[in-house]
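Q: Single-letter residue listing:
Number of protein chains: 2
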Amino acid sequence: MDATFEALSEAELDRVAAVYAPLTQAVRGLVDATVRTRADDDVIQQARTTIEAVTRSLLSQRTRSSGVGYRVDGRPLPLSNAATGPCNPIAPPLVVHRDEDGRYRSEFVLGAAYEGPPGLVHGGVCALVLDQMLGEAASEGMTKPLFTGTITIRYLRGTPLGPLRAEAFIERSEGVKAFARGHLSDASGVAVEAEGVFVKPAWAREAE
Amino acid sequence: MDATFEALSEAELDRVAAVYAPLTQAVRGLVDATVRTRADDDVIQQARTTIEAVTRSLLSQRTRSSGVGYRVDGRPLPLSNAATGPCNPIAPPLVVHRDEDGRYRSEFVLGAAYEGPPGLVHGGVCALVLDQMLGEAASEGMTKPLFTGTITIRYLRGTPLGPLRAEAFIERSEGVKAFARGHLSDASGVAVEAEGVFVKPAWAREAE
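In order, the protein sequences belong to chains Y and A.
Quick note on numbering: the first sequence equals residues 1 to 208 in my numbering.
Quick note on numbering: the second sequence equals residues 1 to 208 in my numbering.
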């Protein structure tokens with residue numbers, strides 16, 4: 001892996017929370033409105049012009065280099081992660097908690113932007129959520145370097161858009177492999193199950 | 001499935017292409033800029049205020065009802081699909097072509113908003129792409145109602161952000177099941193493989 005990491009100071013971390021995360025949250029609202037709007041043409045045209053100007057303003061100064069990760073106190077802080085990133089408008093974002101029993105859990109709401117069949121979450125978005133959750137469990141909250149080897153997603157029924165919860169845990173470990181399992185559920189119970197094999201990369205094995 | 005479908009006229013379809021799709025494309029640009037920007041606080045604050053006003057304007061008139069799908073000439077047109085929707089800023093979007101050999105192919109670019117590990121596509125985004133591609137193949141371009149039963153994703157190596165291609169095809173069909181296979185690749189070859197079982201829903205079987 002060619003990724004480089006930059007240490008993020010406490011002050012910079014505060015700035016992410018106070019400045020960049022609220023911008024990202026505003027863009028999430030805009031994404032949702034864009035999917036759902038049926039406003040008149042002049043409103044849409046004006047919105048488009050305004051958004052293009054905002055985009056230019058955001059790129060007119062410094063931008064983040066591609067392939068750079070951030071760490072705080074040695075732990076990776078995935079600012080732009082597509083599932084959990086506080087600075088990524090595509091991320092719901094998942095906020096993942098580790099319970100005392102060692103399980104990783106997250107509660108979140110998926111709106112219109114995550115749709116597949118009408119009214120249901122896209123099966124691939126279910127996979128995105130479960131890939132992240134199983135990865136969190138297998139890597140013990142992203143503190144260990146691990147890559148997904150294989151993941152299998154089993155769809156028991158359609159997952160309705162709206163409030164959902166996901167859960168994952170390590171079932172067993174064998175040498176460089178961790179076997180994780182999890183599910184996605186709504187108020188009626190489990191809708192999607194997943195199991196995955198996660199593998200420690202060679203460079204991390206050599207470093208031990 | 002409780003989804004209802006609305007027929008979309010040619011005139012409305014033209015309006016989607018001329019008005020809503022360009023707005024969506026502008027929001028995709030904003031999403032990318034939001035992930036990458038490191039602009040000063042005053043620029044970020046101003047952007048946020050402007051975006052919140054645009055969001056209000058988009059929601060001030062009519063909005064699309066949840067759970068409504070659209071059809072053109074009897075074929076579903078997934079306006080807000082999270083992988084292919086021309087009106088969904090989260091969708092790259094995938095534009096899927098059927099080749100003469102019956103394979104479904106798509107070429108697309110995944111930027112910073114689709115990141116997992118630094119510089120690499122999120123494993124769950126690879127799963128989203130492959131779920132959609134296998135679904136397209138299994139349902140013969142979404143002309144047949146099918147749900148994903150199980151999908152298995154095998155990660156051969158990290159997938160770099162940038163230009164990518166995906167491919168899928170039906171391997172075999174058995175009664176109500178279709179077995180599909182596919183992969184995601186960059187210029188160096190295949191990075192992720194997938195296989196899935198897709199099942200015709202009971203209501204579609206009864207209608208035959």
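FYI, nobody ran anything at the bench for these hints, they're computed from the structure.
Just so you know, these numbers come straight off a predicted model, no measurement behind them.
You may find that some hints are simply not true.
Just a few of them, taken from the derived set where beta-carbon distance is under 8 Å, the chain A residues facing chain Y [stated by the list, open to error]:
hint : residue
1    : Val16
2    : Ala17
3    : Ala39
4    : Asn81
5    : Glu115
6    : Thr152
7    : Glu174
8    : Gly175
9    : Val176
10   : Phe179
11   : Trp203
Even for Gly, the Cβ is constructed at its ideal location relative to N, Cα and C.
Q: With reference to the structure, classify each hint as holding or not holding.
A: Outcome of the hint check:
no.	hint	result
1	Val16	violated, 10 Å
2	Ala17	violated, 13 Å
3	Ala39	holds, 4 Å
4	Asn81	holds, 6 Å
5	Glu115	holds, 5 Å
6	Thr152	holds, 4 Å
7	Glu174	violated, 18 Å
8	Gly175	violated, 18 Å
9	Val176	violated, 15 Å
10	Phe179	violated, 14 Å
11	Trp203	violated, 12 Å
Checked against the numbered hints above, the structure breaks hints 1, 2, 7, 8, 9, 10, 11 and satisfies the rest.
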